[in-house]
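What follows is each chain in one-letter form.
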Amino acid sequence: MSVIWILVGFSVAVAAGFLAAFIWAVRAGQYDDKYTPSVRILFEEEEKTSTFDEQPNSNAEGSTQNGDGHDTVRQ
Amino acid sequence: MSVELKYSAREDEKADAQSATTSSSICFHCGTPAESSAVQFDGKIFCCAGCRSVYQILSDSQLCRYYDFDKSPGSSPTLRPAQRFEYLDDPLIAKQLIDYADGNVAVLTLHIPSIHCSSCIWLLENLHRLDKGIRFSRVDFLKKSLLVRFAQDKTSVRAIVSLLSSLGYEPELNLGSLNRPTPTDNRRSLYLKIGIAAFSFGNIMLFSLPEYFDASRQDLASRNLFGYVNLLLALPVAIYSSSLFYRSAYQGLRKRVINIDVPIALGIAVVFLRSAVDVILGIGPGYFDSMAGLVFLLLIGRLFQDKTYDALNFERKYQAYFPLAVAVRTGGRETSVPITALRPGDRIVIRNNEIIPADSVLMAGSARIDYSFVTGEAHLVPKDVGELIYAGGKQTGSSIELEAVKEVSESKFVQLWNDFGGPERTKTRLLTLSTTVGKYFTLGILAVAISTAAYWMLYQPSLILDAVTAVLIVACPCALALAAPFAFGTAMRLFGTQHFYLKNSGVVEALSRIDTIVFDKTGTLTETSTTSVHYAGADLTSIEQEAIASVAHGSTHPLSQAIVRHIGAQAIRPVTDFVEIEGEGIQGTVGSLHVRLGARPFACGNGPSTEEDTGRTNVYVALNGRCTGSFEFVNRYREGIREALDQLGRQHHLAVLSGDTTRESGRLNDLYPNFVEMKFEQKPADKLEYIKELQRQHKRVLMIGDGLNDSGALWQSDVAIAVTEQSNAFSPACDAILKGDSVKHLAQIMTFTSTTIWIVYWSFAISLIYNIVGLYFAVQGALSPLLAAILMPLSSITVVVFSTFTTRALARSRGIG
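For the protein sequence lines, the chains are A and B, in the order given. Start counting the first sequence at 1; every next residue gets the next number (the working numbering). Start counting the second sequence at 1; every next residue gets the next number (the working numbering).
Some hints could be false.
Below 27 angstroms or equal to it, Euclidean Cα-Cα: the simulated BS3-like pairs (lysine-lysine) are [unchecked claim]:
{"no.": "1", "chain 1": "A", "residue 1": "Lys34", "chain 2": "B", "residue 2": "Lys71"}
{"no.": "2", "chain 1": "B", "residue 1": "Lys394", "chain 2": "B", "residue 2": "Lys683"}
{"no.": "3", "chain 1": "B", "residue 1": "Lys132", "chain 2": "B", "residue 2": "Lys154"}
{"no.": "4", "chain 1": "B", "residue 1": "Lys699", "chain 2": "B", "residue 2": "Lys744"}
{"no.": "5", "chain 1": "B", "residue 1": "Lys679", "chain 2": "B", "residue 2": "Lys699"}
{"no.": "6", "chain 1": "B", "residue 1": "Lys406", "chain 2": "B", "residue 2": "Lys394"}
{"no.": "7", "chain 1": "B", "residue 1": "Lys683", "chain 2": "B", "residue 2": "Lys699"}
{"no.": "8", "chain 1": "B", "residue 1": "Lys383", "chain 2": "B", "residue 2": "Lys406"}
{"no.": "9", "chain 1": "B", "residue 1": "Lys307", "chain 2": "B", "residue 2": "Lys683"}
{"no.": "10", "chain 1": "B", "residue 1": "Lys132", "chain 2": "B", "residue 2": "Lys255"}
{"no.": "11", "chain 1": "B", "residue 1": "Lys744", "chain 2": "A", "residue 2": "Lys34"}
{"no.": "12", "chain 1": "B", "residue 1": "Lys394", "chain 2": "A", "residue 2": "Lys34"}
{"no.": "13", "chain 1": "A", "residue 1": "Lys34", "chain 2": "B", "residue 2": "Lys503"}
{"no.": "14", "chain 1": "B", "residue 1": "Lys307", "chain 2": "B", "residue 2": "Lys154"}
{"no.": "15", "chain 1": "A", "residue 1": "Lys34", "chain 2": "B", "residue 2": "Lys307"}
Interface residues of chain B toward chain A, partial, derived using beta-carbon atoms under 8 angstroms [to be verified]:
{"no.": "16", "residue": "Val105"}
{"no.": "17", "residue": "Tyr191"}
{"no.": "18", "residue": "Phe199"}
No wet-lab data here; the hints were simulated from the structure. Just so you know, these numbers come straight off a predicted model, no measurement behind them. Every residue gets a Cβ at the ideal spot worked out from N, C-alpha and C, and that includes glycine.
The whole structure should be built from the sequences, with the hints applied where relevant.
Set out below in structure tokens:
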């Protein structure tokens with residue numbers, strides 16, 4: 001029956017790992033706003049232009065900003 | 001549940017917009033009906049230049065996906081001079097607004113009331129595409145706040161605020177935004193407590209399984225092992241997760257109140273100590289599983305109860321009315337100066353509808369000050385040059401120049417404010433149900449424990465400890481403590497769908513005890529929307545309309561305000577020679593037009609002063625002495641109000657307090673059923689006194705007002721409800737906010753609060769049955785851990801399920817939610 005000692009050790013360690021992950025998530029503020037992420041996740045990845053951006057805007061500066069912005073948001 | 005809150009304001013606006021016009025002439029940006037003066041750009045229609053400019057900014061930066069998520073999502077920006085945010089360049093102000101800065105990157109949190117849809121979130125989180133200095137921005141939708149991280153060398157607070165304003169997302173900046181304390185970690189620590197309790201609960205159950213199946217009797221080694229593991233797992237639950245019950249019990253006892261948390265804290269402590277002793281002495285496995293499960297459920301109840309409407313503000317702080325800056329004239333130039341930096345001797349310029357920030361002396365201009373949100377008196381106080389004007393008033397009419405005599409912080413205003421309900425509302429008059437029941441319950445349990453001890457003392461002293469601890473464990477009133485949070489919490493959420501937003505779930509209970517309802521007539525019962533006004537007479541040119549609106553704008557009389565809204569003029573122009581004669585009318589000159597508005601003899605010089613025709617009021621218009629026509633107001637009382645009053649009157653004493661003269665009583669008598677008590681010519685102090693008098697007669701008073709006026713009476717009442725048309729940009733002193741068109745549901749709501757109380761009583765009864773069963777075993781010293789582990793969570797879960805589902809089902813059958 002001494003194998004039970006090993007099993008208890010493992011099961012508690014695994015559970016404690018999840019607990020630590022939960023504590024980290026709360027401390028990191030993941031539970032502060034429980035609504036906005038549900039909207040945010042539906043925003044499509046960039047590049048596709050809007051149906052309202054009819055004439056392709058050849059503004060070079062605008063498109064570089066696009067790229068930058070994308071990276072920043074995903075930080 | 002809470003989604004309704006978020007979209008409600010918007011949907012209503014859109015519904016109004018659509019009913020008023022065909023969909024083809026709706027502004028592409030903001031969705032308001034675009035009239036003949038519509039601006040066309042890029043093949044789209046805009047209602048004004050502001051909306052067009054937002055579209056232009058977005059289209060230049062290829063941000064038009066903004067219009068993909070929601071139809072016409074925008075808000076029209078306020079067009080005001082660019083130097084308006086000059087004061088944000090002041091390092092002192094900027095520093096107080098910024099949450100955190102390391103010299104390089106700074107973090108700023110702004111409250112933006114106009115956030116309302118997913119397009120808003122998308123645009124505001126893509127701000128870095130409009131301003132390269134912005135590194136990152138994130139919206140908290142429920143709090144309507146935006147967090148911006150920006151490079152301090154590339155952009156500034158002023159640039160960000162100006163950008164947001166130009167997009168129609170003007171942040172709310174007032175004295176209250178300075179040095180705002182960082183949001184407390186209350187919620188976070190509650191989540192941590194729940195998480196830890198859940199972790200321990202699950203694992204303890206796992207290690208207790210052998211015990212449940214009676215499998216560990218043969219294997220003492222593993223039994224001891226599991227016992228110690230459980231003890232270890234239970235330790236954080238007993239110490240950390242339960243700490244809020246100990247604290248609440250301690251606070252209660254210090255105030256000599258036995259609240260429901262006293263037996264809970266006692267139960268948790270006893271169950272932990274008894275189980276620890278059992279394990280250490282090898283007597284048994286203890287009751288750790290029951291304990292962890294109960295703490296977990298109780299904490300969930302706490303979370304459910306603590307729901308609040310983050311975007312709504314129920315506190316009335318004067319800081320929220322004060323601007324951050326004021327225009328100061330030095331030499332010939334006007335600069336924007338932070339009001340905290342205002343010194344005696346400074347010359348300040350106050351425009352129409354601006355607040356006087358410091359006690360000062362009038363130097364030039366005609367001052368007519370509206371002190372309504374200090375004193376609740378809605379009439380204007382005229383002041384002459386050289387007179388002292390106290391801070392907190394709002395100038396109405398043309399701009400004035402003042403010389404400050406005191407610093408803002410030394411103003412008499414703060415004192416005045418404190419006299420009129422500034423300090424926190426403390427509600428000790430109504431004891432909560434849980435407190436009352438908790439008291440008797442605790443006393444009952446102690447009695448049972450003592451008699452058990454006495455009984456075993458006589459017959460078998462060795463069983464005393466066993467039996468007494470078992471009594472305290474099984475009697476832990478967990479189910480009792482869960483019934484109220486779940487029933488009231490559910491009711492509060494359901495009321496939210498009816499646009500009735502409560503400050504906290506305790507208000508449900510307070511409402512159910514109300515026996516007297518006092519209505520403040522202003523704005524509560526009548527509808528103050530443009531639909532009830534129409535103009536009859538000679539056609540007016542747009543210049544004439546603007547002139548009428550400008551003159552009417554100078555008066556706070558509700559009829560004048562309604563005329564301003566009805567005309568919806570683009571600009572308010574300066575008015576000279578403005579005179580308001582109470583009870584008759586107003587006059588003033590705009591450019592070359594002399595405008596007189598008011599009763600027939602005042603404006604047109606003939607005819608009777610009051611029309612015999614009931615139910616309508618006419619405001620006559622004379623331009624340069626020529627009578628052109630009249631605005632007709634059909635006094636539209638809110639739809640369904642009569643029925644609501646009839647129903648309310650069956651169970652409550654009703655009263656209406658009106659500031660109007662008795663002349664109007666005839667019309668009001670028509671509207672209200674005769675059981676309604678009516679009082680006229682009530683000054684704010686009279687209203688306050690009336691409420692106090694009712695309370696002296698031991699009445700429990702609900703006051704319904706518009707939240708801005710009569711704050712004293714609202715504050716004095718047992719429950720205060722503010723009725724408002726738009727719930728987002730509003731900070732009244734009240735316990736609940738009710739949307740104007742939901743007033744008709746008031747009767748249903750009041751009845752339902754009593755139903756909720758009955759549901760709580762029934763839940764109490766259920767939990768008592770479980771307790772009696774448990775006690776039957778406990779007094780005999782025969783409470784096995786297995787029995788406790790089944791009985792205790794079962795009773796809690798039954799109560800939670802019963803109170804939640806019954807509340808929902810009954811609400812549905814009555815058309816709420």
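Non-conforming hints, listed in increasing numerical order: Numbers 9, 10, 11, 12, 14, 16 - these are the hints that the structure violates, sorted from lowest upward.
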